[in-house]
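Given these sequences and hints, build the entire structure.
As given, the protein sequences belong to chains A and B, one line each in that order. So that you can map any letter, position 47 of the first sequence is 43 in this note's numbering, and since no number is skipped, the others follow by simple counting. Each number in this note's numbering corresponds to the 1-based position in the second sequence with 9 added.
All the pointers check out, no bait thrown in.
Chain A side only, calculated, beta carbon under 10 Å to chain B, not exhaustive:
1) Glu155
2) Leu191
3) Pro209
4) Thr214
Label pairs and their computed distance ranges (CB to CB):
5) B/Pro357 x A/Gly181: 30 to 36 Å
6) B/Ile360 x A/Gly181: 23 to 29 Å
7) B/Ile360 x A/Thr103: 40 to 46 Å
8) B/Ile360 x A/Lys143: 36 to 42 Å
9) B/Lys345 x A/Asn52: 43 to 49 Å
10) B/Arg239 x A/Asn43: 51 to 57 Å
11) B/Asn227 x A/Lys56: 37 to 43 Å
12) A/Ile213 x B/Arg239: 19 to 25 Å
13) A/Asn52 x B/Thr274: 42 to 48 Å
14) A/Asn91 x B/Ile164: 42 to 48 Å
Straight line, CA to CA, 25 Å or less: simulated DSS-like cross-link-like pairs of lysine-lysine:
15) A/Lys210 x B/Lys233
16) B/Lys15 x B/Lys133
17) B/Lys224 x A/Lys99
Derived from the structure by calculation, the hints contain no laboratory data. Small disclaimer: the values here were computed from a predicted structure and weren't measured. The C-beta atom is built at its ideal place from N, Cα and C for all residues, glycine as well.
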Amino acid sequence: MNKQEILIIDDEDQLRKLLSINFKNNNYKIIEAETGQQGISLAASHNPELIILDINLPDKSGHEVLKELRMWYQKSIIILSVHNNEKNIITALDNGASDYLTKPFRTGELLARIRSSIRRHETLEDKNKSIITCNDLQIDLAGHTVKKNNEIVKLTTTEYKLVALFATNEGRVLTHQYILKNIWGVGSQKETQYLRVFIGILRKKLENNPNQPKHFITESGIGYRFS
Amino acid sequence: MLNANKSSTKIIIEFTICILMIVLVSSLCFFLSNFISYRIAGLVLLATVSLLAMAFEMLPVLVASILSSLIFNYFFIPPVFDFHFTNSEDMLLCLSYYFIALVNAVLTFKIKDYKKKIRDKEEKENIIRLYNTIFDSLSHELKTPISTIIAAVDILKENDKTLSINQHTQLLNEIDIAGMRLNRQVENLLNMSRIENNMIQPQNDWFDVNELIYKLMNQINEIKHNHVIRFEPEHDLPFFKLDTGLLEQILYNLIINAIQHTPPTSIIAIKAKAKGENLLLEVSDNGNGFPQNELENVFTKFYRLPKTKSGGTGLGLSIVKGFTEALGGKVILCNKEKKGAVFTIEMPSEISNLTELKNE
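Structure, rendered in structure tokens:
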């Protein structure tokens, strides 16, 4: 099998060096770019499996680079940001970033996010796949049913729609706005308290311990991640 | 700009009071002039000027003394309603009156000025002392982890062949801990500077306070050792609308503070309640509590209780206070009647009980 290529766009030499050692050790091929412009042209010529993009770049903002890439690049882009600036992260996610990490991060965490992003992209391409399995949960998109430990869990239509939305975006952070728009439609984006209630219900029905959720993870101030 | 406005308003008020006082006292004396001699009236006016000098700035008092001496001359010294004197004694009286009033004003001003200089000097010394404390604390808290990293890397590089696997892992762990510690310190410093520059802009959104506390407990349970954290949620709490990022940091700092400053195996209890529209949070412990005279000081930045071990920047609790106030709330620290301390946070918030939920 060919090695999968990852493009790193970050102006920090040290970080690129460390990441590239780490990726090579995990059987990925690395392309490095120091500036946004260089990153865009390398992305075009290599069409890598995944792009890691720093939001703070010397020549142009990472948000700009992200927008330009998203005009044609459809695979995963993971954003690196220095501080926990929720607005910044939400903007990037709304502009099509697949995931984000704040510096400093654990390389193990980054690798996990990379694997899940690549896998998710592959499942997206596999249109025939209608059953998604996630540990003890099994979501049948064709049959509209959700099973936990092989037993069907009764869900209302709205609850099911939420689970299906999460399952098709497994591992990905979905912003509050994105979820509200997809489930309740345009105009309901202010009603985050509805979302809280439904997440609460889903945790009670589908989590082993609703107070220590393993499937419906809260990303404070940003949204939820299903895993 | 605002300060200049404030002080000019203050001066105008002082002028007005001075003039009114002199007019009031002299008209009172004038009506009583059948019963008291004009010399007594002079003394009463002089006393008034002295009183004014104690309270006000120099300029208004000078105006008061000039005004009163003119009034004294015109209305009291015979011939009345005339600036002329009938004898040299009265002229001397008026001049000395004027002179005493003037000296009065100037001396009082000098004393005030001297006091202010002493105060300024003390303030300056305090600032220098604070700066030194900050500097010591910071350089210690930042340099310790940096030295650890450099030393550990040196050892790894130079003794690569002789180190056991166990020692190798130990060194790597030390580097790890030092890195995390550095990150925490920098995070604290950044937060403090955000607070001091009024850069905190709360992003309020609906949230479930019990969920937030469970999330924090899961986080902290991973890093704590022997302390016990207890939380008994109230189940019919409404949703509150606040900035969860700030709130998380507030609770995190309070819990970590309790862990750092209570004996191992102490119990830390968290409570969340609704009080009217306000959110009430409580973090208490059964440790040794705070010395009663230090309760006020613990929120001061870089303040550390005497005899506490190092390891924090002394910023945790001041960040708690800064964030709480940025959210419009207040934080109170008390000692429990029996044993331990309680931090109570009360925050105004919108609430939502969400009674009509469509779930089909």
